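Please model the complete structure; the sequences and the hints are all you need to start from.
Those sequence lines, one after another, are chains A and B. For the first sequence, position 72 matches number 72 in the numbering used here, and the numbering has no gaps at all. For the second sequence, position 297 matches number 1297 in the numbering used here, and the numbering has no gaps at all.
Hints may contain errors.
[What the hints assert, rightly or not] Across the chosen pairs, the derived CB separations fall in these ranges: (1) B/Leu1549 to A/Ala33: 48 to 58 Å; (2) A/Pro257 to B/Gln1584: 50 to 60 Å; (3) A/Met35 to B/Leu1595: 41 to 51 Å; (4) B/Leu1535 to A/Phe246: 29 to 39 Å; (5) B/Gly1417 to A/Ala33: 50 to 60 Å; (6) B/Gly1539 to A/Leu264: 23 to 33 Å; (7) A/Lys34 to B/Arg1591: 50 to 60 Å.
[As the list claims (entries may be wrong)] If you want the ones that stay clear, here's a sample from chain B, every Cβ over 12 Å from chain A, calculated: (8) Phe1016; (9) Met1142; (10) Thr1160; (11) Ile1184; (12) Gly1373; (13) Pro1380; (14) Glu1405; (15) Leu1427; (16) Met1443; (17) Ser1451; (18) Ile1527; (19) Pro1564; (20) Pro1585; (21) Tyr1639; (22) Leu1663.
FYI, nobody ran anything at the bench for these hints, they're computed from the structure. Predicted model, so just to flag it, every value in this text is computed and none were measured. Glycine residues also receive a C-beta, built at the ideal position from the N, C-alpha and C atoms.
Here is how the chains run, residue by residue.
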Amino acid sequence: MISISSILIGLLQALVILLAAPLYSGFSRVLRAKMHNRRGPSIFQNYRDLVKLMKRQEVIPQQAGWIFRFTPFITMAAMLLIAALIPIFTTQSPYGQVGDLILVVYLYALSRFFFALSGLETGSTFGGIGARRELLISTLIEPVMLLVLFVMALLATSTNLSVISTKILIGQIPYYTSVWLGMLAFAFAVFVEMGKIPFDLAEAEQELQEGPLTEFSGRALALMKWSIYMKQMVLVALFISVFLPFGNVIRFPAGMPLFVSVVLSALVFFLKVMIFYFIAALLENAMARVRFLKASNITWTALGAAILSFVFYLANV
Amino acid sequence: MDAIRLLLLSVFVFGFGGLASLLLGRLRRIARITSGLTGAIGAATGLMAVARAMISTPVPLTLSNQFPFGNFVLQMDGLSTVMVGIISLISLAVSVYSISYAGHYSKHNLGIFGFFTNLFIALMLLVVTIANAFYFLLIWEMMTLSSYFLVTFESEKKETIQAGYLYMLIAHAGGVLIMLAFFIFFITTNSFNFAAFRQVGLSPALRSLVFLLAFIGFGAKAGMVPLHVWMPPAYSAAPSDSAALMASVMKKTAIYGILRICVDLLGAPFLWWGILVLFFGALSAVLGALYALMEHDMKRVLAYSSVENMGIILMGIGTGMIGLAEHQFTMTLLGFLAALYHTLNHAFFKGLLFLGAGSVDYRLGTRDLNQMGGLGKLMPWTSFSFLIGALAVSAIPPLNGFVSEWFTYQSFLRASGSQDFIVRVALPLCALLLALTGTLAAMIAIKTYGSAFMGPERSEKARNAKESPGAMLTGMTLLVIGCILLGLGAPLIVPYLANVVTQLLRLPSVTMAQGLWVYPLNPYQAILSVPLIVLLLAGLLIVPLMLILIFNGGQAGSRVVSEPWACGYGYSNRMSITAGSFDQPMSVTFRGLYLLRVAIRSPMNAIAAWAKRVRESILRAEPVLESVIKQPTTRAVEYLGQHIQALQMGDIRMYCFYIILTLAILLLVIFR
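Laid out in structure tokens, this is it:
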């Protein structure tokens, strides 16, 4: 049931996300430095870090077992699979025959499950606290994401990402109020899940380190960091494919060679992702950090927006 | 032999095993091996019955008798077959497991334990196949009683007795309600046969009354919030293999009861029935998960997690009932399919988790999460099995829990086709709550697994632990395989379960799977392929491996250090996070919902207090009865006795005189 071209496009998407993710993360680092009136690192600094880490020796605490060693691999595999599931360059989900948006949400849960366990396995204080924090945020945010996506699925009467994306693109689902509100709530959720400031630890803060990442080192740390960059970019891609799919190719127009049309829509996609990162960086740096127990006070607004979106869906506007 | 005779054979094997183990009670080791092995053989026979019934639905077997309340009818339609399948598969694993596990209780009379375990399984097999209300109730109550004896097996502990008492109270209250429901049927049909119930046209009010009675009655057994209070103490008190049987199998008989009575016999004609079931399902799912998070006793965590999963199953049933009332074919099918699939899955992963908890208890002698830690290295296979169960209960793809929750979401999506406003509001909100439940379940699983099997050992017992014996590992392995196959095999299982649903509701048959794919009736709505997920995830693992190769990461190697990093201070085991500190932020964030627990508890306490008063007044009433009835009777008997003694003089001539006198009187009477 899967055609060769969609297998190739899926792999291409996974590869592009893999290669571009550190760049976007570097971009937001640069923006952050500029807003602090610092010179900041080069936009390519993340690549250098990754290559360097890859070559370093890995240090593993004695209590760590196979889950700790396995986590970097499964996390990256899950992110790659999600990247191949989301309609990025076309409106078709390349691996749409494998699963739908519910699978996407639960694949995130898979990576988070192992991420949190790896933090606990080392017996490290920071790993444990970070795992706890990661899971608390997820209980606050994941339901919001799912409700918004579910409302979109109700509008499309399908949970298939291809169908939702196509219907939005060709205007079969007009931009109702409920879609706008859903977009707002989802953007908020993506912002939180990207690990941006009010909800997450900035780089190398001593008191919390980086949560479950604390004990990772060498190539394992490189893979973990890379997966986290990918996670951020994949979330943005999901947002774009559901809410702003304009510019994507609908089923490869006959006149144009597949290659050209995919490249064109890829360019549009990169631009959209860049804008999202830019806005996220603006918001991040305009905000103060809060105690994480207060996180729920802020996320309720996201839940509120999601529920409003649902209410507007019920009222058909 | 046809399926039903095989089933009866299986019941007899269980019964025989129980009796044999009772007789061999003194020889503890032999008793536990006998009861375990006969249990496994009985379960295997049950599986053969299921295989036969899956090929062709057997004709109901009627053992006619002279009793006025009807015939002893056994039937194995699709629903019963699925239930027999669940019971047989789980009891196979549990029986093998308990061969070694029962050794944990070597000071107790293991004969009795084996007797009640086997009897319990045999009765469950009967309860899901019997098609006569009178015998159903009889067996249902016997099943409750035998499980009561399993709960109170460690009767020397005070909390065990209390747990058993609470269980008994709620289970019997539920039993009475079910009895009333059947009684209403009996008055109108003058028969106890399910076949007669199915045909009767009850008035709407009476129909709803029967529904409410049955739903609450079975809901109490299923552990629906707010009737769940008996479960955590009971499961925590019962030996782990019995707890596994109760959580993964006995509760399913309650689900069976709801499906049989509310859906099969009553037909779920009214919309509000479904909405009520959905409401209690959602309530149980969310509250069960939240409360599980706060527990530090491994088995209590699992008990609350069962409440949560019952909630998910009830949500599926509720959606199916809404679909029936609204004549929405797809919604009906998806709702019931999701419920049945989750019933099957929950039996496997919850059984697995309870057996895992038992395995830890067997070696450590504690269920307190704060005293475990680091067991992953010492008990590797137990740890791996528990991890699989934990992943499945958190609905992580590609394991079985994910597939059934996926179908639950798909059934909620059919809300878009509903005419009724409440349905259009309720179902998407249930999707929200299911998502919340999913994340909470993952948090519970991570907390339980993490604090038991990971990090440093937190007690002397944990440091000295070693892997459990082979029989226990075999039992767990069977369930691990089940969890994996139920996920991977979705394209085979979904069509079968869909068939069961259509047969139960007398609907036309449908196609829901093709090749490696399953879809919710309409492939346009969604497609899922679990085998492909596994294939792709495994295949994509190559990418990180290649990255390491490309960047020469393999050469740097790795080094193991003794301690995790602690800001430059000396590391101490006490620095690692415990179960208690893990859930603390949740209690802050969801404070309101935890307060609700206190609110639920107070009426429950009131009921318990009332029951206690009843018991006390019975004790007070006893002396009154004594003085009015018993004492005068005793006095009269004594008085008579003393006066009759006067006749008894001890003189042989006097006795001769009595004999002659008697003869004379008799002769006079006869020849008069």
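Hints, one by one, checked against the model:
no.: 1; hint: B/Leu1549 to A/Ala33: 48 to 58 Å; result: violated (33 Å)
no.: 2; hint: A/Pro257 to B/Gln1584: 50 to 60 Å; result: holds (59 Å)
no.: 3; hint: A/Met35 to B/Leu1595: 41 to 51 Å; result: holds (43 Å)
no.: 4; hint: B/Leu1535 to A/Phe246: 29 to 39 Å; result: holds (33 Å)
no.: 5; hint: B/Gly1417 to A/Ala33: 50 to 60 Å; result: holds (53 Å)
no.: 6; hint: B/Gly1539 to A/Leu264: 23 to 33 Å; result: holds (29 Å)
no.: 7; hint: A/Lys34 to B/Arg1591: 50 to 60 Å; result: violated (41 Å)
no.: 8; hint: Phe1016; result: holds (44 Å)
no.: 9; hint: Met1142; result: holds (42 Å)
no.: 10; hint: Thr1160; result: holds (32 Å)
no.: 11; hint: Ile1184; result: holds (38 Å)
no.: 12; hint: Gly1373; result: violated (8 Å)
no.: 13; hint: Pro1380; result: violated (9 Å)
no.: 14; hint: Glu1405; result: violated (8 Å)
no.: 15; hint: Leu1427; result: violated (9 Å)
no.: 16; hint: Met1443; result: violated (5 Å)
no.: 17; hint: Ser1451; result: violated (8 Å)
no.: 18; hint: Ile1527; result: violated (6 Å)
no.: 19; hint: Pro1564; result: violated (4 Å)
no.: 20; hint: Pro1585; result: violated (5 Å)
no.: 21; hint: Tyr1639; result: holds (78 Å)
no.: 22; hint: Leu1663; result: holds (95 Å)
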